[in-house]
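Sequences and hints are given; from them, build the entire structure.
Protein sequence lines correspond, in order, to chains A and B.
The first sequence: position 55 = 55 (my numbering), numbered continuously.
The second sequence: position 274 = 274 (my numbering), numbered continuously.
Just so you know, not all the hints are guaranteed correct.
[Unchecked claim] Keeping only pairs whose Cα atoms sit at most 25 Å apart, straight-line, the calculated DMTMM-like set for lysine to aspartate or glutamate is: (1) B:Lys-179 - A:Asp-25; (2) A:Lys-14 - B:Glu-182; (3) B:Lys-351 - B:Glu-410; (4) A:Lys-36 - B:Glu-410; (5) A:Lys-14 - B:Glu-34; (6) A:Lys-36 - B:Glu-253; (7) B:Lys-351 - B:Glu-150; (8) B:Lys-179 - A:Asp-58; (9) A:Lys-51 - A:Glu-7; (10) B:Lys-351 - A:Glu-62; (11) B:Lys-282 - B:Glu-150; (12) A:Lys-36 - B:Glu-275; (13) A:Lys-14 - A:Glu-62; (14) B:Lys-282 - B:Glu-253; (15) B:Lys-282 - B:Asp-173; (16) A:Lys-36 - B:Asp-341; (17) A:Lys-36 - A:Glu-70; (18) B:Lys-351 - A:Glu-33; (19) B:Lys-351 - A:Asp-58; (20) A:Lys-36 - B:Asp-173; (21) B:Lys-351 - A:Glu-38; (22) B:Lys-351 - A:Glu-7; (23) A:Lys-36 - B:Asp-38; (24) A:Lys-36 - B:Glu-34.
If you're looking for bench data, these hints aren't it; they were derived computationally from the structure.
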Amino acid sequence: MAEVHAEMVANVWKVLVAEGDAVEDGDTLVILESMKMEIPVIAEDDGVIAKLLVAEGDVIQEGHLIAVIE
Amino acid sequence: MFESVLVANRGEIARRVIRTVQRMGLRAVAVYSEADADLPFVREADDAIPLGPANPAQSYLDAGTVLRAARESGAQAIHPGYGFFSENAAFARSVIDAGLVWIGPSPEAIERMGDKINARNLMEESGVPVAAGTRVPVTDLAQAVAAVTEIGYPVMVKTAGGGGGIGMGVAYDEAGLAKAFEQASRAAARFGGGPAILLEHYIERARHVEVQILGLADGTVVALGERDCSVQRRHQKVVEESPSPGITAELRERMLAAAVRAGEAVGYLGAGTVECLVDADKQEFVFLEMNTRLQVEHPVTELVTGVDLVEQQIRIAAGERTAPPTATSGHAIEFRVYAEDPRRFLPGPGKIGVWEEPSGEGVRVDSGYTAGNTVTPFYDPLMAKLCVFGATRAEALERARRAVAGFTVEGPKNNLPFCAELLENPEFVGGDYDTGLVSRMRA
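Right, here's the structure in full:
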């Protein structure tokens, strides 16, 4: 199981996966936007999205849990 | 002269414009989003009108709401700052149609310079040197490949309507071209421009040097020296200085004359900047683009000329016949203090615990924040501009080292450690650097 956390305060611009989706190491899960910069959030493991805890338009804090990959 | 000015912007530039408006004896009206209610520019204005939510589309970029704020506050003129509405011809037109004074160039001049391909062709006709490149928009990869057979690799690929380095990429071969073209097309789609792509021959060892111009009310255009903006990360400026340590007096003279011709070609009124790329080895320059607004880095010009550019903008917009001095003396450097980590330059917004600005001879700080404020993720990462002035470049560098060391920011991540590192970098200190400097420092 791998937890994916936010590295910084950001807005959730795009959510590219849904719970139940299979993902591979290197896939983009979510694109955050902070201070006019796009920051892709990348899967660092193969697996299935067990939990997805953000929605487009959310403002999330540094360390916020974005997704759990199993 | 009008009696009140609404500043349609935020942060450091709103605060800086408000300061000049008030010094001129005029009433300054601020507008602000919910995220910015506690910032200094809101408190320091004579009147402040809330616009709406943090999202710029619902606040700073909501034309109807900004115009309503102007009506409600009785403001007679609008200063757009930079970014947001500053290069939006439609907004400029609606300001004028509402019977208000637009502190900027005519909507026609904004339009003619806003499309990079148009601007490039117009400059070529006016005798301003341009890079070998496409004269009509390229809309698919096959056209791009065909164009490069004439231009030659390497090429810079960019969107015709874009700015701020977004979507720009360099290609050295056809595979790279396909990738850069894809990236630029995506940026064009996202930021609302059409699929119009521009290709230009890419200069390997380039300096980014720009000329400040002022179009005066009597129709003449004057140049107020140049700014070297070659210290960049992700094609965005971090440090600017004037004069440029990388051009000869002869090249400077040619560049200033070309910038005046560029301004005259569009009947330019007010403050504008003609951006050029200089081939550092050949001492030749080409036109890059014209910014029809006040630049972020305008303070370095103010420090070497003694001219308040915002005051000039206001006087020109009011129809006053001004004749600002154009001679320069000494050396000025600006450091953009960004809320970002100093290694990878990734955003690091947060609440400011400690904020202590340096002061002293030759030090000027234009800041948008103070202790207790929160830097939010909704806007650009610029927290402050640390500017220094000295009789010589060596004196300016020495003052910069002291000023950077004396600037304390706790809370958000910030790039002051990068500024300190740059001030010890032999290339930067020696002056013979180019736009690849920051990448080399982080290689």
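Against the structure, the hints come out as follows:
no.	hint	result
1	B:Lys-179 - A:Asp-25	22 Å, holds
2	A:Lys-14 - B:Glu-182	19 Å, holds
3	B:Lys-351 - B:Glu-410	8 Å, holds
4	A:Lys-36 - B:Glu-410	22 Å, holds
5	A:Lys-14 - B:Glu-34	23 Å, holds
6	A:Lys-36 - B:Glu-253	36 Å, violated
7	B:Lys-351 - B:Glu-150	52 Å, violated
8	B:Lys-179 - A:Asp-58	31 Å, violated
9	A:Lys-51 - A:Glu-7	18 Å, holds
10	B:Lys-351 - A:Glu-62	12 Å, holds
11	B:Lys-282 - B:Glu-150	21 Å, holds
12	A:Lys-36 - B:Glu-275	22 Å, holds
13	A:Lys-14 - A:Glu-62	18 Å, holds
14	B:Lys-282 - B:Glu-253	16 Å, holds
15	B:Lys-282 - B:Asp-173	24 Å, holds
16	A:Lys-36 - B:Asp-341	15 Å, holds
17	A:Lys-36 - A:Glu-70	32 Å, violated
18	B:Lys-351 - A:Glu-33	18 Å, holds
19	B:Lys-351 - A:Asp-58	19 Å, holds
20	A:Lys-36 - B:Asp-173	30 Å, violated
21	B:Lys-351 - A:Glu-38	21 Å, holds
22	B:Lys-351 - A:Glu-7	16 Å, holds
23	A:Lys-36 - B:Asp-38	21 Å, holds
24	A:Lys-36 - B:Glu-34	18 Å, holds
The earlier numbered hints that this structure contradicts are 6, 7, 8, 17, 20.
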